[in-house]
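Participant: Sequence:
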Amino acid sequence: MEVFRDTLEECHLMDIGYSGVRYTWERETNIRERLDRGVANEEWLFLFPIGNIQYLPFFSSDHCPILLNTDISTILKGHRSFRFEARWTMEGTFEGMIREFWDSSPAPLMEKLSLLQIHLKKWADTKIHLNLEIDKDEVYWEQRARVNWLKLGDKNTAFFHKCASAQRRINSITKLVSEDGREIMDGAEILEAATGYFEDLFASKGIGDPRKVLEGIESIISHEVNENLLSPFREDEVRSALKDMGLTKALGKDGFPALFFQQYWHIVGKEVLDFCLGILNGNKGADLVNVTEIVLIPKIPNPSSLVNFRPISLCSVLYKIVAKTIPNRMQNVIGMCIDEVQSAFFPGCLINDNVLIAYEILHAFQQKRTGKKGYMTVKLDMSKAYDRVEWDFVKEMMIKMGFAHEWVGLIMKCITSFSYAVNINGYRGRVFQPTRGLRQGDPLSPFLFLICSEGLFSLMRVANQAGLIKGARDSRRGLEISHLLFADDCMMFGEATEQGARNMKDILEEYENCSGQCVNFNKSTIFYSSNTLADAKDLVSSLLGRNIWAFLMWWVNGKRRHFNILDKISLRIDSWSTRLLSQGGKEIFLKSVLQGIPTYAMSCFLLPKTLCESIENKFARSGGRKELVGEAFIGVNGITCADLEKRERVFSKQNIFPDCSFRDSHLGNSSSYVWRSIWAAKASLEMGLI
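Numbering (UniProt numbering), first residue to last: 1 to 690.
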């Protein structure tokens, strides 16, 4: 496969993508492969931006028929939504035109923005086409390319253009398969099918009695903390929230990006400030700025079912200002009421910490070959985690934690007053009102999901205290750990017994009943300690889900541990990126994109030398200068002093070095991969090299 990728790169060809059956060749022995592919050069992709390959059902050959579809007649026709163009700001008369319009209009803010849309469309039609210099053209394509790592001014217009074309191909939806297996290719039908699907997904199913869940929640928020939260919001908080936004990212229904409000704050700022403070300080509702568009981002290559798309909510900038100001004030409070097993979304915690803890427990499971009772690790797959959160449950959780009713009311005003409209290929469907769910794209959602997840941890703590479940240890002196959370992913640990599995499933069902969450047991995965008997494995697996399967062997299998790093790098170095970038752009691409791919793994683990050499070769092929390749990939280990300090903190003294310091500690026998990785960097640390 590597040779094939190299050939495509040399010939400047790209895979067109496909839909239909997954494999293109089969034998009678039930061996199937995807042998046939469609590739094209840049010029063809420009002429047919949504052309695709369709694999048809097998008929009379061992190869399936292939249909090349370039017809775009099924795409919706009509007027696209208004989108503010960043290049407009480069016109010399633009600011004066904005000021003149804004000062002359007596309308309220939201109505004024709607009128400004019409005014800008007319202005663009009569003015902008007369003055399109190359720098404005670069801004135009940069806004569409969604490339966050490359800045303007380096004349990378062709690169931005190709990125924008690729984004359009990836995000275009030309066909869907309905739940009954029917193919939908008409644009209007696709839009209505998507609207109906999400209308059902975001409809509340009600919640059960939450008292059992709330039993383990402490009222931790004090009166003083609530007073600070409820103090009047200030201008500097609003401006700070706006300043933190990406200039042209994810435009909402009104089509105005943060760039517009930031650049022309001296013109529009007073009205924007009054409007946002009116919502934050309780005088106004949020419904006027809370009309949200849903766009669908593919979770897998060439998706055909709505289940395989991730719904991203495009909120207006005015709403985001409000929604970012609230969690900014909550940031120092959220850690007080969230279980320490959570390692994301709030200061002082890293997901890496939980990765190391989980890895140590799995290593202990692999080494455990004696003992009557086996242990299990279950990684839960939450189906549409954000989309199923019940609002009433989040409200009950916040009240039980001790948040003031006024503060809870402000948050509920933000998350319950919005409406949805699905956007397919740039065209908007009908508006509908959801009754549950958190929006992916709403700054409040990560914090509220943490609060929702705390309900599961409450049940786990109560069950652990009652002796119903027993956590796992990574050593005899180690702490007993029953669960870990990685953002919206969860791992649970316990005894691999019938009672242990039943208790775990009862906890999950109680949590589902109250929160709206749904555990997909067919996609959840399990790992057993080495001493677990085969009969116990079968029994536990049947109780938790018939199709539950062993996982995470790559964590303990050295040969497969980092197999996907090179694949990810290869996917980023496509056939046109290095040719179209300037030399400065190539260097930024190397440092900001390629270098970041192995960094996450390198912060925890020692990468094999052969893998490091392969990565360096990939970096060199990206077009960077030789000396820059060496700078971008510093050392074989990639473990810095800061990383070592963090790792040393995670490894408790009772476990690795109970009676000495880190410098005097020994490697030991059957050491885990994490400890061996840190040990490999110890010599460099002592010599002062890192």
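Be a bit skeptical, because a hint or two may be false.
What the hints assert, rightly or not - Derived DSSO-like pairs (lysine-lysine); straight-line CA-CA distance at most 27 angstroms:
| # | residue 1 | residue 2 |
| --- | --- | --- |
| 1 | K270 | K284 |
| 2 | K175 | K373 |
| 3 | K568 | K373 |
| 4 | K568 | K299 |
What the hints assert, rightly or not - The calculated label-pair distances, taken between Cβ atoms and stated as ranges, are:
| # | residue 1 | residue 2 | range |
| --- | --- | --- | --- |
| 5 | T93 | V21 | 51 to 59 angstroms |
| 6 | T93 | P608 | 58 to 66 angstroms |
| 7 | K591 | G335 | 30 to 38 angstroms |
Read the hints as simulated data drawn from the structure, not as lab findings.
Here a beta-carbon is modelled for each residue, glycine too, at the ideal position from N, C-alpha and C.
Participant: Checking each numbered hint in turn, tell me which of them this model violates, lowest number first.
Facilitator: Numbers 2 and 3 - these are the hints that the structure violates, sorted from lowest upward.
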